[in-house]
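Working from the sequences, and respecting the hints, build out all of it.
Which chain is which? The protein sequence lines are A and B, in order. Quick note: the first sequence, position 366, residue 366 per our numbering, numbers continuous. Each position in the second sequence, counted from 1, maps to that position plus 1000 in our numbering.
Keep in mind the hints are simulated off the structure, nothing from the lab. Everything numeric in this text was worked out from a predicted model, so none of it was measured. Warning: the hint list may mix true and false statements.
Which bits of chain A does chain B cover? Going by a derived footprint, with three or more residues having C-beta under 8 angstroms, they are [claimed, not checked]:
{"#": "1", "region": "141-153"}
{"#": "2", "region": "167-178"}
{"#": "3", "region": "290-302"}
Note that the Cβ used here is the ideal one computed from N, Cα and C, for glycine as well.
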Amino acid sequence: MKSLIIILAVGVSAPAMAQHQGHDMSMPGMTMPAPKAKPEPKPTLKPKPASVAPKPALAKPQAKAAPKAKPAKIQPGPPNTVPTEAPMVMDHGSMDHSQMDEQPAMADMDHSTMDHGQMDHEAMDMPGNDMADMTAPMADETPPPEAGRGPARAADAIWGAGAMSGSRKQLAAENGGMKTLWVMADRAEYRVRDGKNGYLWDGQGYYGGDIDKFWFKSEGEGNFGEKIESAEVQALWSHAIAPFFDLQAGVRQDFAPRDRTYAVIGIQGLAPYLFEIDGAAFLSDRGDLTARFEAEYDQRITQRLILQPRAELNLAAQDVPELGIGAGIDAAELGIRLRYEFAREFAPYIGIEQEWKVGQSARYARAGGEDPSVTNYVIGIRFWF
Amino acid sequence: MLSLPRRRFLSSALLAGGAVGFSSSMPAWARGAMAGSVRKGIDEVSGSSIDLAIGRGQFSTGGRSGHAIAVNGTVPGPLVRLREGQDVRLNVTNNLDEDSSIHWHGILLPFQFDGVPGVSFPGIKPGETFTAPFKVRQSGTYWWHSHSGLQEQMGHYGPIIVDPAGSDPVAFDREYIILLSEFTPMHPHVIMKKLKHADGYFDYQKTTATDDRKLSGKERRMWGKMRMSPTDILDVSAATYTYLINGHGPADNLELLFNPGERVRLRIINGSAMTFFNLRIPGLPMTVVQADGQNVMPVETDELQIGVAETYDVVVQPTADKAFTFVAESMDRSGMGVATLVPRAGMRAEVPALRDPPILTMADMGMAGMDHGASGGAPASGMDHSQMDHSKMSADEMAKMDMPGMDMSGGDGMAGVDMSGMKMRDTSMLPSDVKVGPGLDMVSMNAADRMGDPGIGLDKVDHRVLNYKQLAALIPSTDHRKASRNMEIHLTGSMERYMWSFDGQKFSAVSDEPIRFAYNERVRVKLVNDTMMAHPIHLHGHFFELVNGQKNQPLKHTVIVQPGGSASFDLTADEPGDWAFHCHLLYHMHAGMFQIVTVASQSGADA
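Right, dumping it as structure tokens:
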């Protein structure tokens, strides 16, 4: 029986590789400028033409058995590769498509999506795929009637439907129906501004499944020893509308500077280039319309040291004098925080943030004896569980 | 042929550091109490009636310690050794305080004994014993594991060997089981939550501003634009995993004895929850003789990547009187499992350092073949593209090439990575039975057959690496019918949300809409991977034939579908009943990448 093991010694054939050139892309969804000449990539093995011109349409492609070679020590290659008749499908892998545009017999195939002038080799280089794949995507054929229909209930006949029902429900709930709870304090910080000591919190969390969640947010700030400047809580229904975005709607309740209730609609998610964004519009119970847009970006310096720029823009459709809000751009914030993730869930940080009140808001601030432009030096903790 | 003792692999347990405490005739696990520490496997059970008892205990290796689920008091549980043709009764007692189960992975048997709660049976309640009686009608290397919740991650798994009724076509003098797995002190439900809440939670090999990865700034921005990570190779890494061989971590010094010149058969089982391994024995070529329990034409190789739930039997013949290191490097290269083949106890060979972690390529994004640089001019005739694999080029190499097919406004040589004109999620390319939603973040633009791919990170090593195209069945299939039906199943997901599904629908959404086959129907199933992860897809109760270009298509129970690529198999659906069909990455399955396959009975009714 040792002989069997030795078979492998002769079963290794050097893969036939050849230089190639002349591939044009005619994939849907891609622009196709005129091809231009370029030096082809260097072949890693000596060229060994091994393929055969295709036979007329849908005939079995002839594919020569790759010649057996001496044991190849280094080259992996497919040994024992005998790409003979693959039932039902054409083995494009062993066909030379370079001559395909001169094969009228291929007319049976749907070439509507192909550009014969510049035959697309790559799209066709799919051994084992059949031509149906080259045309519009098709749904699967329906199973034959003998396959039966309806839910899978074979086990009911053996163990009883009653005995099975609990485990069936649990299986479905466990494999995709999971709900989780997540709570995060993105910013929980102590800050120094204008010589005063203050604080800020900005947290959120959710409970729910992959698509629908109950989402809550809270933020507020103030100086120690003074009346709290602002405090709000949001309770939202969050619904996944795209792979990276949720639509959120609900209510916001402010407790400072004044009690006020808002209707909220917003979008939260991950924008291209990995910007975490959160934008929402708020309509107060007094009819005032405001909006807030926040963006954050995590720049990893090392695996655990992360620099996070952050920007926030507040807008208003009208003046709201009692809240110090002016129409147009109300306020802007630009900050940068450097955190160290001792664990993903626990990261102390230091940072600096600049706040500006703009336009009418700035005038309100000045009238109230405040500086419309404030710099915060912050130290805090980002954590979640 | 079998002149020398075949069961000496048990010596591995004796040689390794784990204590062996077999004093009582009635061990603690048999009494249901198992508060103490769990021994490291592997014991053996055999005969016509085999008892397995599931319990809890504390497991420790290399400074990590935590709760485990052990069967018959060990992790891994005992080897279930059967003989082809025998009748066996497998009696499974659940001593946990929650439901449990055992699935006999790769074993052909009536579906009601397959051990999947909610599909084949109701599960085993605490304190109950479930018996699976059946006739063994195959031989080879297999394994068993829990199919309840996430228990498998906690140690609820073990090997199965079925000796052939006749002579074994594989010649060997000695054999060892190599059961690969992971240990984590973290509870698996916590791992699941971390994966849901923080994309890349366990990845400490991410790109950073100070890394030395071979990625240009343009490529980094491209990945950022896609909101994907080029280092998302495995979802869970050595940050929490210690990689085990037969329950032994690298610190446990597992030794496998041999006499120089002996042919040593290694029965390698990937019983891990989430880890693909790159397997090699520096200085010793391996001859692959079996895949997923089915004999294949012998193929010699230097390295192979084993997907979760796959098995490979290899024969090695060390002639030198020296030690060799068996390395099981995790595919993301964050850690490794290690054992040593030794002629005498105590000998050691060098343990190679972890190689640089790989980064995903254009092919992994579903753009196989789009990274071609060549002019549209005279195509050389006689080219054989099937033998060439340009898909494994990194985006970096690609960046150096000119790409006439793509939007090339700049022409500065870097234009190849310009993503404009390429769509990462062109849903018009999907068949209508794939549901488009937030759980689908990518559509492979060109899901090339990647059967010839050695696996992530192994395309550029300077030695031989196994790929699926090299596998040919030793015994030809008896079913020569052409498939009467084609079926395409898309593997879909959202990395950011950690949603995983088939055809865009999690199991929780389609639990009453199984995939149906008529009895004995021959179907060609094409799996299209619309994600950037490799998925090991497992069908219970059957072996399917990989459509890999071989005349004698190899039989497997689990097939890896490479990122952005496709893999096809021919299935003869001749085992009536309901069977699980799922991604064998435990947390992908748990997130929804699971379905039921229903094979009608001969009469046409549900089994």
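Can you tell me if the region 290-302 of chain A counts as covered by chain B, using C-beta to C-beta distances under 8 angstroms and a minimum of three residues?
holds (count 4)
State whether the coverage of the region 141-153 of chain A by chain B holds or is violated, taking the criterion as 3 or more residues with Cβ-Cβ distances under 8 angstroms.
Holds: 12 residues of the region 141-153 of chain A have a Cβ under 8 angstroms from chain B.
How about the region 167-178 of chain A: do at least three of its residues have a C-beta closer than 8 angstroms to a C-beta of chain B?
As far as the region 167-178 of chain A goes, the hint holds, because 12 residues have Cβ atoms under 8 angstroms from chain B.
In this structure, none of the earlier numbered hints is contradicted; all agree with it.
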